[in-house]
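If you're matching them up, the sequences are chains A and B in order. Under this note's numbering, the first residue of the first sequence is numbered 3, with each subsequent residue one higher. Under this note's numbering, the first residue of the second sequence is numbered 334, with each subsequent residue one higher.
Keep in mind that a hint or two might mislead.
Calculated lysine to aspartate or glutamate pairs in the EDC-like style (CA-CA distance at most 20 Å, straight line) [what the hints assert, rightly or not]:
(1) A:K163 x B:E421
(2) B:K480 x A:D38
(3) B:K448 x A:E30
Quick list of simulated restraints, FRET-style, between CB atoms [what the hints assert, rightly or not]:
(4) A:Q183 x B:K364: 23 to 31 Å
(5) B:G396 x A:G91: 41 to 49 Å
(6) B:D577 x A:Q58: 33 to 41 Å
(7) A:G60 x B:H420: 26 to 34 Å
(8) B:D410 x A:G60: 40 to 48 Å
(9) A:A295 x B:H420: 23 to 31 Å
(10) A:Q58 x B:S499: 37 to 45 Å
(11) A:D180 x B:E359: 56 to 64 Å
(12) B:D410 x A:G77: 29 to 37 Å
(13) A:T186 x B:E359: 29 to 37 Å
(14) B:K540 x A:G77: 21 to 29 Å
(15) A:G60 x B:P588: 48 to 56 Å
By construction, these hints were calculated from the structure, which means they are not laboratory data. For glycine and all other residues, C-beta sits at the position ideal for the given N, C-alpha and C.
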Amino acid sequence: MKTYTFTEKIDTRSGFGYGLTELGQSNENVVALCADLTGSLKMNAFQNNHPERFFQIGIAEANMMGIAAGLTIGGKIPFTGTFANFSTGRVYDQIRQSIAYSHKNVKICASHAGVTLGEDGATHQILEDIGLMKMLPGMTVINTCDYNQTKAATIAIADYKGPVYLRFGRPKVPNFTDENQTFTVGEGLVLSPGKDVSIIATGHLVWEALEAAKALHEQGISAEIIDIHTIKPLDEKLVIESAKKTGAVVSCEEHNFLGGLGESISRTLAMHHPTPQEFVATQDTFGESGTPAQLMDKYGLNANAIVSAANRVLARKK
Amino acid sequence: MVHKVNSGHPGGSLGCAEFFVVLFKEIMNYKTDFEMDGIGEDLFFLSNGHISPVYYSVLARSGFFPVEELQTFRLLDSRLQGHPTTHEKLPGVRIASGSLGQGMSVALGAAAAKKLNQDNSLIYSLHGDGELQEGQNWEAILYAGSKGVDNLIATIDVNGKQIDGSTDDVLHMGDLQEKFQAFGWKVITIKDGNDISSIIDGLNQAKKETNNGKPICVLLHTEMGNGVDFMMHTHAWHGKAPNDEQLSTALAQNPETLGDY
Chain A
3 MKTYTFTEKI
13 DTRSGFGYGL
23 TELGQSNENV
33 VALCADLTGS
43 LKMNAFQNNH
53 PERFFQIGIA
63 EANMMGIAAG
73 LTIGGKIPFT
83 GTFANFSTGR
93 VYDQIRQSIA
103 YSHKNVKICA
113 SHAGVTLGED
123 GATHQILEDI
133 GLMKMLPGMT
143 VINTCDYNQT
153 KAATIAIADY
163 KGPVYLRFGR
173 PKVPNFTDEN
183 QTFTVGEGLV
193 LSPGKDVSII
203 ATGHLVWEAL
213 EAAKALHEQG
223 ISAEIIDIHT
233 IKPLDEKLVI
243 ESAKKTGAVV
253 SCEEHNFLGG
263 LGESISRTLA
273 MHHPTPQEFV
283 ATQDTFGESG
293 TPAQLMDKYG
303 LNANAIVSAA
313 NRVLARKK
Chain B
334 MVHKVNSGHP
344 GGSLGCAEFF
354 VVLFKEIMNY
364 KTDFEMDGIG
374 EDLFFLSNGH
384 ISPVYYSVLA
394 RSGFFPVEEL
404 QTFRLLDSRL
414 QGHPTTHEKL
424 PGVRIASGSL
434 GQGMSVALGA
444 AAAKKLNQDN
454 SLIYSLHGDG
464 ELQEGQNWEA
474 ILYAGSKGVD
484 NLIATIDVNG
494 KQIDGSTDDV
504 LHMGDLQEKF
514 QAFGWKVITI
524 KDGNDISSII
534 DGLNQAKKET
544 NNGKPICVLL
554 HTEMGNGVDF
564 MMHTHAWHGK
574 APNDEQLSTA
584 LAQNPETLGD
594 Y
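Chain B on its own, in the form it takes in the complex (with noise of 0.2 Å):
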């Protein structure tokens, strides 16, 4: 996708693949005949917007519109655009997102109304480690604590990286686990966020941690680019599309690739 358009994150989508398969087919319950309220349903929300390929492509497949519609990515009148948008109406995106650190509050907002309604199905979210660097998240991180969210699972890619280097030379947050249980949140830390068993096993203790007077929070711990050599151990591929020969290399090393796009 990204490279027939030649533009789009692959690091951080591929560092997230394995999340997002996981969630949409082990861990969430869902209806993929839209509703935008999702009553009764688990709810996503990403808010680092930028890794929309993983986001996009895991919709699909799990049934929410056409897999052929992936070929649309970032072209001229497609429901696909560069960020997620609820605006071209595309199945399975419930907020706008791409301007970071705004995804949390509107996760809070969502798990509110399911408590009003007293709905028990969770909200998910995922969030990136650079992310946390908008103020917004703080204020949002305060607020579930305090009122002891506990419907939420919210969870951070911690890859390390964001566009100018690694997280702890453009700006280091110190330690976030530290951080979010001094928030009043339970923190639950994946060490292998690229291993579909241990992405499992986290997120099913993530659940069980739920209605317990704390929000959660999931240190997921990915690696950038996951799965492609020259694109892992770097934080160049933030927001950079390779060209043929590097498609071919990339697509080479990961021969279970569905084709399908």
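Extracted from the complex, chain A is given alone in its bound form (with noise of 0.2 Å):
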């Protein structure tokens, strides 16, 4: 088993304003725009390096993803920045027709999402946009699991052509992953290799997927750890190799199960390879207010779950 470690915790979204503030200055044709959380969505040293090329929207994200879909035409790579649920349901219908469907080069970046925003509540805790972007054709949906890997995505996008939705958080977490990576879109990560089962995780549930491994090793079990950064395109390769090495998956995200990286699992795993699956996920709920931490536990979110979970798929295991 391997173990990863980590000498802070930091929240993903100072990952994306860091690459973000990097992205300013290494290309002249990235442009970012904000709904009035440019603080929240860590977006202030890119507005005060390069104002010319930062637009304020004010609190109108529809409009925002139409001006951003505008920006493409003209050769600019347009970041939009807000929370996770005003940057997928709220503005649903201008992301489809005006980005999507008309293939624009947009990076939708995403905070706060899911139940760790915490304290806000269900209002503002989305649970349900990985299914709502994914569902859109030619979109390729990234949700990132610590501060360095949300810094490397936010970079990588950049040169990757195409609309893209980038999903991260709000609390502060381990930063465990490579401060120099290479982030390659589409390419699922084996953090840790193992043999009894399949342990696959995205956004904040990886580190709690490497947690639960430790206590699976305790009780005797091996699971194999894989980091699923991008969603979509799924790395299917990756997926089938390790169900057929284990024979038993778990999936873990901080969102809904249905629409989730899950269900695109079940569907590869059911196309290739049929395996017993648990789902460590929101069973069909809205989240409500709470600490990071409690909200992660009520919810079945945390590596204690993940432990649960993995047991009851190998007791399901043939």
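Put the complex together from the two separate chains, hints included.
As structure tokens, this is what we get:
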């Protein structure tokens, strides 16, 4: 079992902000738009460094998506920034028609996804956004797990042609992936190899999966931990290979089980290698107010929940 | 085109025919060797995408694609979809439209890209008056006025009609000129939006007003179904195709119509 350590906890949104700041220096076609959440999205440095390339739209997300689509006509690479809820559900038809159907090179960057947004409650805690975005033809969907990966993903998608939904979060979480990693869209990562059960996670649940692997190891269970940062296009080859090896899968995400990573994995395995699977995800419910840790516990989204799911799927494994 | 496939939107298309002809033949500078980014070209965005018949007709006759292709309108595997789209890569089209209210935001983005590229060419857009009932327009109208987007000429097709009746009956919008002015726009009114010389004068005036710190709104007063007596003065022909007899009558009333499609 490979183990990971971290020196600090830091929010993934800061990784986005830092990546955007770097892009500002390295790519003059990158422009940024924000709907009155510049501080929350950590876009201040870009705004200060490049005021002419920063668009404060005001509280008008539909207009922001349309302006972003228009900016691509003329060669700009727009990065929109607001909360995940306002990046998707609020503006679905604008994204569908003006961005996805129109093949516009817009990077929709969404913070505060999932229940870990915390105390603001369910109005702001979207758990349906991965499903909404992956349903759009041609949309790439990425959910990063820590600061370093979010920074690397932000920089990588500037050179990736086509619309991208980049999902990250609010709370401070362990920063454990390589500072100088190369981010490849669509490439899943085996963080720790194992033979009994495949734990396939995205976003904040990746660290929880690594913690679960330690607990499972103490139970004599060898878990393979896979980080799927790109939910669409899914690294099907990696998922199938791992399922063939272990014969049991647990999918983990801070999202509704309907429409999320777990369903994408299920489809892949149903087509190629039917495998028992358990879903660590929210169970078709809205969130509520609370601290991120309380909510992760209540909604079954932490290492304990993953250990339980692993035991359930192992009992089903023939 | 609409008759052939027994579907489409003839009313608004006929009402805007003169506007499109003037825009593409007299006003805009563009290349027919189509490039999406349109650097150095004036760009046009159709927000009320349902009047695709007139848009396609004028694009074809302006040299973007063969006139014969108009025969494929709304047919399977056509580049001429019911509503305009970039999906089939039809030259001349830069954004999908049809779901209403999105075009002005896109035009604002394209206008911003022009400024960043230090490209002095202009952005033109067309919107229905009924379409202004969509809230996104008012986000865009506020933004354009507040930020002084002065390389955009947005034309509103004021025909006073929408699917369910007159715009006054469905959802009265009050005085559009006062509304745009209150949002910081310069407003130019073309009283007879079906008269070629009035449109030329109005759009030339609009061009002179650009780069003056304000977005330009042209209120183009048109007659829906213009030129076909039974399609005028009613909202009934918004989205309905004429039958054989009605087509013959309509064409007889417009002997100058090009029969080359």
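Evaluated hints:
no.: 1; hint: A:K163 x B:E421; in the structure: holds (18 Å)
no.: 2; hint: B:K480 x A:D38; in the structure: holds (15 Å)
no.: 3; hint: B:K448 x A:E30; in the structure: holds (14 Å)
no.: 4; hint: A:Q183 x B:K364: 23 to 31 Å; in the structure: violated (43 Å)
no.: 5; hint: B:G396 x A:G91: 41 to 49 Å; in the structure: holds (42 Å)
no.: 6; hint: B:D577 x A:Q58: 33 to 41 Å; in the structure: violated (56 Å)
no.: 7; hint: A:G60 x B:H420: 26 to 34 Å; in the structure: holds (31 Å)
no.: 8; hint: B:D410 x A:G60: 40 to 48 Å; in the structure: holds (42 Å)
no.: 9; hint: A:A295 x B:H420: 23 to 31 Å; in the structure: violated (45 Å)
no.: 10; hint: A:Q58 x B:S499: 37 to 45 Å; in the structure: holds (38 Å)
no.: 11; hint: A:D180 x B:E359: 56 to 64 Å; in the structure: holds (60 Å)
no.: 12; hint: B:D410 x A:G77: 29 to 37 Å; in the structure: holds (30 Å)
no.: 13; hint: A:T186 x B:E359: 29 to 37 Å; in the structure: violated (51 Å)
no.: 14; hint: B:K540 x A:G77: 21 to 29 Å; in the structure: holds (25 Å)
no.: 15; hint: A:G60 x B:P588: 48 to 56 Å; in the structure: holds (52 Å)
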